[in-house]
Amino acid sequence: MKSSFGFVVAIVALAILAALSGAMFQVAQTEQALVLRFGAPVAGRGLITEPGLHFKIPLIETVVRIDNRILDLESPKQEVIAADNQRIDVDAFVRYRIVDALKFYQAAGSVRAANNFLASILNSSVRRVLGEATQTQIVRDDRSALMAKIKAQVNNESLNYGIAIIDARLRRADLPREISEKVFSRMQSERKREANEYRAQGNEQYQKITSRADRDAIVIKAEAQQQADTTRGKGDAERNQVFAEAFGKDPDFFAFYRSMQAYDQSFKAGDTRFVTSPTSDFFRYFGNPTGK
Amino acid sequence: MPWSNQDGPRRPGGQNPWGPPGPWGGGPGGGQGGTPPDLEDLLRRAQSRLQGAMPGGFGAKGLIAFLLAGVLLWLLSGFYIVATNQVGLNLVFGKFVGKTKEGLNYNLPYPIGSVVKLGVTDFNAIDVGSAMRLDTRTQVDIPEESLMLTGDENIADVKFRVIWKIDDQKPEDYAFNISNPPATVKAVAESAMREIVGRSQIQKLLTAERKVIEPQSQELMQRVLDGYRAGVKIMQVQLLSVDPPASVISAFRDVTAAQQDRDRLKNEAEGYANKVVPEARGQAARILQEAEAYREQTVAESKGQASRFSQVYEEYKKAPQVTRERIYLETMERVFGAVDKVIIDKGAGQGVVPYLPLGEISRPSAPAGGSK
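Residue numbers (this note's numbering), protein chains in the order written: chain A, 168 to 459; chain B, 690 to 1061.
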């Protein structure tokens, strides 16, 4: 009887604990919660945004936790045709927050379902917005404006799901593979053109510089030659003057004297052979001591 | 009697795991208005029965001591240590209540409290365009990430690394405000870099603009992440490489090579010019000097000869006939003394001359030429 009573007490205590635990729930810092009674939000405390410990009626009321953080959604790569008929592969992502938990719960139910809705909204918005822009606008000029436009459009529709878009961004905007190949070959040809230009410029400069140098060298030498010849001429003139002065004193003797010098210089041993007759003036004493 | 006391300690002991007594007071407001009377009634009845069934103080006192010790131990388990690189975030019932710094800290233990520790001074790195393969420890390229369209419709291969850390001023944002922060950082980084590269031209990207891109993209990333209140600080953006795509890199290298060829040719030409022109100047100087030398030599020689002639002439004037004769003979003596001579008499010469080896005579001279 004693032991059975203790047993009953323990059972009762456990039942109380179970009831209490069913009555209490935590809302984490990262969450908000909906308290639902038979599926409908409880009036006055149906939405709990303050994290901490909260209460509900066990069994009758249920709690739905909904993420309160900024959530991410990445859309897979899709091909977009820009206004100038260029095809572009676009990856976009949004960052969003559930701002109306009840609407979110009613319209989407879960983050996964919401992501499905959002993805299709995002994709169609990306196609719509980028379809009105040219490739250069998308890539270079208006990227942030277009992203803002996508954000606004998606936000407009996502508010129906209780979702506010914090940001929508193009992660990548690339050319499809086969167009990339064409870009590569164009880049190659452009570079080839550039390289040829550089090489041609190099040759041009080479020719210019070397020919200029050759010209300078020739001119320098020619001018030097001109001056040299002038100098030589001066020397010759002076020589003539000196000789004329000296030899003019007696032209006859000069002729004789100079001839003698010339003979002396002209006839050298070894390279000269005289065939002479003993009748010449030099030999006048040869056969006759009187010289007659 | 001991059992009446037991009521006190037991209740807090049993309640503690569920928090301070406050909520219990408010409990009925939570919609369980019917339960508490039942509970008290039950307890009271259980107490009276136990009192009758189990007399004897020792067992009860021991139980109380045991429970107290348990509570104490449980409370003590709330101490924890935050390492020097960390900050602790205290949560009570899932609600963020405060930050704790490095060292020994306290928060209510499980299941009431919990602690999130974040390494706020740790630097994290995210590579875009390449990744470290864990098995081989080598960098693997990820072209989908690194190939980007530039503003002039070219494609650049940009690999970069983002160094970021948790903002130590706002670690709670990092922990509670955003889901999957590292993936967010990466997505934002990629988006920001592509936005900036998309505004640039490939030639500038490959050369001068590299320096500008790092701070620009860092600033943009930080701005976007601050917009999310992500609690993330971008410390640095490092461009690991900015290259043309692999398939055209050789063409780009050839441009560099061509530039170098151009410079080389120019240098060669200048080298040639620097050699040829000074050489020409040297030769010119030589020509001038030689001419100068010729002039001076000529003048000096002529003066010398003139002087010699003048002196001989002065002597000659004193005895013209004798001096002339003497000079003639002395000259002939020297001339005939040195050369080979063949003297042929007029009569004998008629037959001999045809047989002379005239080929050996380099310059046949008329016999009269020498004598006249």
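It is worth saying that the hints were derived from the structure and are not from the lab. The model shown is predicted, which means the values in this text are computed figures rather than measured ones. Check the hints yourself; a few may be wrong.
[Unchecked claim] Here are the simulated DSBU-like cross-link-like pairs (lysine-lysine), alpha carbons at most 35 Å apart as the crow flies:
no.	chain 1	residue 1	chain 2	residue 2
1	A	244	B	788
2	B	788	B	893
3	A	316	B	955
4	B	900	A	359
5	B	854	A	244
6	A	270	B	784
7	A	244	B	992
8	B	992	A	316
9	B	1007	A	316
10	B	992	A	435
11	B	859	A	270
12	B	848	A	244
13	B	900	A	388
14	A	244	B	784
15	A	244	B	875
16	B	1007	A	416
17	B	848	A	349
18	B	893	A	349
19	A	359	B	955
20	B	893	B	964
21	B	1030	A	375
Tell me, which hint numbers fail for this structure?
-> Checked against the structure, the hints that fail are numbers 1, 2, 3, 7, 8, 9, 13, 14, 20, 21, while the rest are satisfied.
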